[in-house]
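Student: The lines below spell out each chain.
Protein chains: 2
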Amino acid sequence: MDVRFINPFITAVQHVFTTMLKTEIIISKPYLKSEDDRNTDVSAIIGFTGGAVGSVALCFPLRSAIATASKFAGVELSKDDADFADALGELANMVAGQAKAKLHGLNISVSLPRVVVGEKLNVLNSKQQPVLGLPCDSALGRFAVEVAMKVVQGAVAPEPAAAAS
Amino acid sequence: MDVRFINPFITAVQHVFTTMLKTEIIISKPYLKSEDDRNTDVSAIIGFTGGAVGSVALCFPLRSAIATASKFAGVELSKDDADFADALGELANMVAGQAKAKLHGLNISVSLPRVVVGEKLNVLNSKQQPVLGLPCDSALGRFAVEVAMKVVQGAVAPEPAAAAS
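From first to last, the protein sequence lines are chains A and B.
Heads up, the first sequence is in the numbering used here, so the first residue is 1 and it goes up one at a time.
Heads up, the second sequence is in the numbering used here, so the first residue is 166 and it goes up one at a time.
Bound conformation, chain A alone (with noise of 0.2 Å):
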């Protein structure tokens, strides 16, 4: 994937966790997906379309949700909460919603969000596309944001754009 296709998602993440949760968010060195990875026990998914299709995952460890969740209703969540699997819906949709606007060349939109909670989930994608995933960590724990994407042949690129720190 594109470096002009993963810095709006980069930037995304960090605006939406700077301004709805106040709080300072540090990006790793993204990386190729490997089907191993399971330190994850919450998934946020959000697909999009446009002329680009793909969607948007947020992988947390238990403790990491729990606390992002929390932060986001200002109240003190339990996974069984409503609210918990809304917030962290939402959270997904503002990521893919900030990444679309990043990305207005490919006419985004962004589908609704599911939330699956369990225990040491592998989230798949098929084998033809590749996930990137941008390693995620904050006061709130370590979570992972895993972007599928395909651009639609003959639909406009943003420009590139200056890499995030």
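Hints are computed from structural coordinates only; laboratory data are not their basis.
Beta carbons are placed, not taken as given, at the ideal position from N, Cα and C, and that holds for glycine.
Some clues are possibly wrong.
Pairwise CB distance ranges (calculated) [stated by the list, open to error]:
{"id": "1", "chain 1": "A", "residue 1": "Ser-28", "chain 2": "B", "residue 2": "Ala-304", "range": "33 to 41 Å"}
{"id": "2", "chain 1": "B", "residue 1": "Val-317", "chain 2": "A", "residue 2": "Val-152", "range": "17 to 25 Å"}
{"id": "3", "chain 1": "B", "residue 1": "Glu-189", "chain 2": "A", "residue 2": "Asp-81", "range": "19 to 27 Å"}
{"id": "4", "chain 1": "A", "residue 1": "Glu-119", "chain 2": "B", "residue 2": "Asp-246", "range": "32 to 40 Å"}
{"id": "5", "chain 1": "A", "residue 1": "Lys-22", "chain 2": "B", "residue 2": "Glu-189", "range": "49 to 57 Å"}
For chain A, the structure is supplied; the task is to place chain B on it using the hints.
Tutor: Just chain B, lined up with the frame of chain A:
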């Protein structure tokens, strides 16, 4: 959710299972999904956008997921095979694609599928958005098709269709 919107999903599931899996499928009365439903070990999730925004999740107990993916691939698969997630993701894609064709007035586009593998998953949605479940039964085992869908204001609804059995 209106019957006009759920029937296209019923006929889509029937069409995909009969043609792609050569498997007769019985779909029982749709239900409003409650949060306590945890009979899912594998979920293939795909979003859609357009005149209606939402997502479809095929939710399988492990045994049905393995039987279905193996039948689709034409070889015995385990949940750790790369083709396992591919097969179920492709099935989700076909179900959404068939439903999209039946909902043509709504100009729907389908995103890329994600497949989540775990144990006793809770597949959640925004609490503002009800999820309709279609209980499905076949020689490959039980599963459910869960549909969350919001019609965008002003979008043209399809003509009422006769209810599928």
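Student: Each hint needs a verdict: does it hold in this structure or not?
Tutor: Results of checking the hints against the structure:
1. Ser-28/A <-> Ala-304/B: 33 to 41 Å: Violated: the Cβ-Cβ distance is about 47 Å, outside 33 to 41 Å.
2. Val-317/B <-> Val-152/A: 17 to 25 Å: 21 Å, holds
3. Glu-189/B <-> Asp-81/A: 19 to 27 Å: 41 Å, violated
4. Glu-119/A <-> Asp-246/B: 32 to 40 Å: Given range 32 to 40 Å: violated, Cβ gap about 21 Å.
5. Lys-22/A <-> Glu-189/B: 49 to 57 Å: For Glu-189/B against Lys-22/A, whose Cβ atoms are near 55 Å apart, the range 49 to 57 Å holds.
The structure is inconsistent with the numbered hints 1, 3 and 4, although it conforms to all the rest.
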